[in-house]
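Asker: If you want the building blocks of each chain, they are given just below.
Number of protein chains: 2
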Amino acid sequence: MADGKKRRRTDPTENSLPFKNKLKPDSVILETLKEFSTSSSASSSSSSAADKTLTLQDLSLPFRCREVADLSLSSVQSNIESLARKIAHSILTGNGFAFDVPSRSSANQLYVPELDRIVLKDKSSLRPFGNISTVRKSTITARILELIHQLCLKGIHVTKRDLFYTDVKLFKDQTQSDTVLDDVSCMLGCTRSSLNVVAAEKGVVVGRLIFSDNGDVIDCTKMGMGGKAIPPNIDRVGDMQSDALFILLVEKDAAYMRLAEDRFYNRFPCIIVTAKGQPDVSTRLFLRKMKMELKLPVLALVDSDPYGLKILSVYGCGSKNMSYDSAHLTTPDIKWLGVRPSDLDKYKIPEQCRLPMTEQDIKTGKDMLEEDFVKKNPGWVEELTLMVKTKQKAEIQALSTFGFQYLSEVYLPLKLQQKDWL
Amino acid sequence: MADGKKRRRTDPTENSLPFKNKLKPDSVILETLKEFSTSSSASSSSSSAADKTLTLQDLSLPFRCREVADLSLSSVQSNIESLARKIAHSILTGNGFAFDVPSRSSANQLYVPELDRIVLKDKSSLRPFGNISTVRKSTITARILELIHQLCLKGIHVTKRDLFYTDVKLFKDQTQSDTVLDDVSCMLGCTRSSLNVVAAEKGVVVGRLIFSDNGDVIDCTKMGMGGKAIPPNIDRVGDMQSDALFILLVEKDAAYMRLAEDRFYNRFPCIIVTAKGQPDVSTRLFLRKMKMELKLPVLALVDSDPYGLKILSVYGCGSKNMSYDSAHLTTPDIKWLGVRPSDLDKYKIPEQCRLPMTEQDIKTGKDMLEEDFVKKNPGWVEELTLMVKTKQKAEIQALSTFGFQYLSEVYLPLKLQQKDWL
Numbered sequence: 001m002a003d004g005k006k007r008r009r010t011d012p013t014e015n016s017l018p019f020k021n022k023l024k025p026d027s028v029i030l031e032t033l034k035e036f037s038t039s040s041s042a043s044s045s046s047s048s049a050a051d052k053t054l055t056l057q058d059l060s061l062p063f064r065c066r067e068v069a070d071l072s073l074s075s076v077q078s079n080i081e082s083l084a085r086k087i088a089h090s091i092l093t094g095n096g097f098a099f100d101v102p103s104r105s106s107a108n109q110l111y112v113p114e115l116d117r118i119v120l121k122d123k124s125s126l127r128p129f130g131n132i133s134t135v136r137k138s139t140i141t142a143r144i145l146e147l148i149h150q151l152c153l154k155g156i157h158v159t160k161r162d163l164f165y166t167d168v169k170l171f172k173d174q175t176q177s178d179t180v181l182d183d184v185s186c187m188l189g190c191t192r193s194s195l196n197v198v199a200a201e202k203g204v205v206v207g208r209l210i211f212s213d214n215g216d217v218i219d220c221t222k223m224g225m226g227g228k229a230i231p232p233n234i235d236r237v238g239d240m241q242s243d244a245l246f247i248l249l250v251e252k253d254a255a256y257m258r259l260a261e262d263r264f265y266n267r268f269p270c271i272i273v274t275a276k277g278q279p280d281v282s283t284r285l286f287l288r289k290m291k292m293e294l295k296l297p298v299l300a301l302v303d304s305d306p307y308g309l310k311i312l313s314v315y316g317c318g319s320k321n322m323s324y325d326s327a328h329l330t331t332p333d334i335k336w337l338g339v340r341p342s343d344l345d346k347y348k349i350p351e352q353c354r355l356p357m358t359e360q361d362i363k364t365g366k367d368m369l370e371e372d373f374v375k376k377n378p379g380w381v382e383e384l385t386l387m388v389k390t391k392q393k394a395e396i397q398a399l400s401t402f403g404f405q406y407l408s409e410v411y412l413p414l415k416l417q418q419k420d421w422l
Numbered sequence: 001m002a003d004g005k006k007r008r009r010t011d012p013t014e015n016s017l018p019f020k021n022k023l024k025p026d027s028v029i030l031e032t033l034k035e036f037s038t039s040s041s042a043s044s045s046s047s048s049a050a051d052k053t054l055t056l057q058d059l060s061l062p063f064r065c066r067e068v069a070d071l072s073l074s075s076v077q078s079n080i081e082s083l084a085r086k087i088a089h090s091i092l093t094g095n096g097f098a099f100d101v102p103s104r105s106s107a108n109q110l111y112v113p114e115l116d117r118i119v120l121k122d123k124s125s126l127r128p129f130g131n132i133s134t135v136r137k138s139t140i141t142a143r144i145l146e147l148i149h150q151l152c153l154k155g156i157h158v159t160k161r162d163l164f165y166t167d168v169k170l171f172k173d174q175t176q177s178d179t180v181l182d183d184v185s186c187m188l189g190c191t192r193s194s195l196n197v198v199a200a201e202k203g204v205v206v207g208r209l210i211f212s213d214n215g216d217v218i219d220c221t222k223m224g225m226g227g228k229a230i231p232p233n234i235d236r237v238g239d240m241q242s243d244a245l246f247i248l249l250v251e252k253d254a255a256y257m258r259l260a261e262d263r264f265y266n267r268f269p270c271i272i273v274t275a276k277g278q279p280d281v282s283t284r285l286f287l288r289k290m291k292m293e294l295k296l297p298v299l300a301l302v303d304s305d306p307y308g309l310k311i312l313s314v315y316g317c318g319s320k321n322m323s324y325d326s327a328h329l330t331t332p333d334i335k336w337l338g339v340r341p342s343d344l345d346k347y348k349i350p351e352q353c354r355l356p357m358t359e360q361d362i363k364t365g366k367d368m369l370e371e372d373f374v375k376k377n378p379g380w381v382e383e384l385t386l387m388v389k390t391k392q393k394a395e396i397q398a399l400s401t402f403g404f405q406y407l408s409e410v411y412l413p414l415k416l417q418q419k420d421w422l
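Protein chains in written order, with the UniProt record's numbering: chain A, 1 to 422; chain B, 1 to 422.
Keep in mind that the hints are not guaranteed to be accurate.
[Claimed, not checked] Pairs of lysine-lysine residues, derived as DSS-like cross-links and limited to a Cα-Cα distance of at most 27 angstroms, are as follows:
#, chain 1, residue 1, chain 2, residue 2
1, A, K389, A, K335
2, A, K154, B, K20
3, A, K160, B, K222
4, B, K391, A, K172
5, B, K348, A, K160
6, A, K366, A, K348
Derived from the structure by calculation, the hints contain no laboratory data.
Owing to the predicted nature of the structure, the values given are computational and were not obtained by experimental measurement.
Given only the sequences and the hints, what does the whole structure look like? Please build it.
Answerer: Structural data, given as structure tokens:
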């Protein structure tokens with residue numbers, strides 16, 4: 001069948017790689033991907049159009065919900081100023097000084113299946129200055145508002161840690177300023193990134209993507225093996241262009257490095273992105289922006305353990321403590337490409353490369369089976385049930401048992417060829 | 001004094017920034033830096049020329065030392081092959097199968113003041129296959145050698161984790177394959193990077209540097225705020241060019257972000273690099289390469305605590321468990337710019353932004369006063385003594401107490417103007 005074709009390698013072990021003989025020529029796989037990409041783009045443009053018009057009110061839920069928006073710096077500034085005027089007026093009319101702060105507790109959170117993300121209901125509570133139990137917190141709130149106002153005037157970005165250090169005497173420890181920062185986001189009705197308070201960056205991106213970072217044009221096909229560090233301030237990221245057919249979201253940097261060195265994105269046009277473990281806010285914002293602007297399907301490659309799926313869920317439907325901002329932080333419709341529990345037998349991963357799940361792993365797995373975002377996808381339920389039943393987990397790196405390049409040369413191409421995602 | 005000069009900002013608090021009035025015009029500071037850079041380049045070219053010719057033997061130490069070299073892939077390959085032939089010969093002549101493995105224990109380590117780094121003495125031990133206590137370890141050694149030989153043939157890079165997963169049954173846990181990997185480096189007389197086994201990347205670089213990463217030309221002035229991720233494989237990094245006057249080594253990413261956003265490197269031409277905490281091997285290799293090729297002075301900005309100084313020491317004179325490769329991993333002559341214990345009073349850092357040192361901090365500080373690399377620099381001893389005496393520490397971020405941009409607009413310029421480094 002391969003007669004007359006020049007072989008790329010002379011490695012004698014190559015023919016013995018499991019399932020390598022199932023691989024069709026790249027051109028066939030590329031056709032499959034093009035179809036997928038087009039259909040996904042069509043459905044995502046329609047659903048994203050729906051997204052834009054579909055508000056929480058349209059769902060006619062039995063209660064009101066609160067959502068924040070990406071606001072410009074000048075809007076944030078004027079929101080703070082009008083809040084200050086409102087409070088001044090309240091003081092002058094003898095009604096005292098209090099902030100009306102949205103509740104972010106879990107009792108006020110809700111998973112909305114129609115939107116596939118966690119949202120915040122509209123409960124809120126008063127934080128009066130003239131009350132011994134809230135005087136400290138209302139002072140901190142006023143101080144944070146003042147500091148954010150300064151950031152608006154200067155147009156710079158800072159970290160939460162910077163914010164804390166501007167007034168250690170008042171904040172005492174960083175959790176206090178961090179908590180109030182999220183309160184302030186909710187109060188002003190804007191995302192935390194709109195406040196110009198950014199998280200430390202962890203993620204990297206490589207592959208078929210061109211974008212601008214703070215005015216500089218970045219071509220991610222020309223970033224060598226190291227890739228481009230994902231910028232902490234998403235508001236200075238723009239002009240995304242790509243000829244990729246999909247986005248490959250990778251949990252860990254070892255797998256990322258393998259794919260970057262092999263320039264996997266040139267064989268199958270894609271954008272490869274990783275947050276090197278737990279997803280950070282910058283990477284989540286960046287992934288969503290890519291998905292929304294480029295209308296590309298997202299395929300996820302994570303470890304076959306409950307935490308792999310948990311990471312997928314944070315990208316997909318958000319984390320609970322930032323549920324007020326789930327609309328901007330989540331990327332809808334991420335497909336679980338691998339490594340899935342059923343892959344372990346399917347790809348004949350040797351017993352010694354699988355690890356026994358701990359009690360804690362099994363508990364986490366069972367808890368996740370109760371989560372709405374898992375339940376809505378029957379394929380995921382099946383996989384997770386299998387994991388909990390077999391009590392086995394495996395890392396992406398377990399594929400190296402068949403050779404260092406098995407991941408990029410057999411496993412992923414075969415997955416793509418077979419459209420083997422859920 | 002500033003009459004007739006257009007003010008850049010209208011922020012009324014700016015004039016009240018402590019010590020801002022001590023700042024001279026940038027042109028004066030730049031002159032200072034140019035002198036420093038030239039003298040440092042002259043001394044480093046002479047010292048680096050000396051470095052190249054000065055071997056451990058030249059020092060006529062009372063014992064022999066072992067050092068590894070950066071070898072090409074083909075040299076590593078032929079070293080493995082000749083080792084295999086030697087062992088085959090030993091078996092055929094009836095002398096059995098054993099590896100001669102250099103000892104990497106602390107008893108075999110030595111700090112050499114003339115070289116300012118930790119080196120390995122030449123003790124080694126036999127690891128015979130025909131002995132129940134070493135049969136496992138010698139089998140692992142043979143397997144690692146075989147895997148490295150494969151990497152040489154394929155010309156690809158893998159992580160330690162990949163290496164572990166190629167034979168979990170034999171290695172059992174990753175510390176076993178990791179340890180033998182370092183043994184193999186020593187046995188073959190080459191650096192771990194020469195084996196094409198790379199560490200996960202953590203570092204980022206931004207500023208006045210152009211280099212090539214795996215064939216792609218990277219201009220680090222055009223990397224926005226995110227910067228360029230430092231590549232894991234130093235052997236594919238080359239063609240470094242720069243018009244910088246110094247390298248600014250930053251401990252943490254919050255400070256890095258501040259400097260990147262303010263494009264500090266355009267006001268004072270420099271290259272800004274950070275490993276985001278503990279220095280990883282990739283960042284250490286990259287820093288050394290910059291220092292050696294560009295002949296630039298390195299100024300370090302770390303937290304004012306024992307760990308800040310420890311981080312400086314790892315960059316400067318190496319970590320103990322990789323002492324066999326200290327020649328390639330260490331960057332000589334790093335200057336301690338700040339934040340130094342004496343800065344806390346000098347810059348009037350408020351009490352509430354300083355943190356009390358824990359018992360463990362104080363013990364670490366006292367232990368470090370006994371380290372050779374601290375003792376050789378009287379200024380460092382003085383600073384560290386002050387820290388241990390006052391029992392106070394502070395993070396770089398503590399400077400935010402005077403405003404978010406105090407670091408980039410006052411503290412660092414003033415430090416540079418006053419040549420205030422040790």
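Asker: List, from low to high, the hint numbers that the structure doesn't satisfy.
Answerer: Going through the list in order, the structure violates no hint and respects every one.
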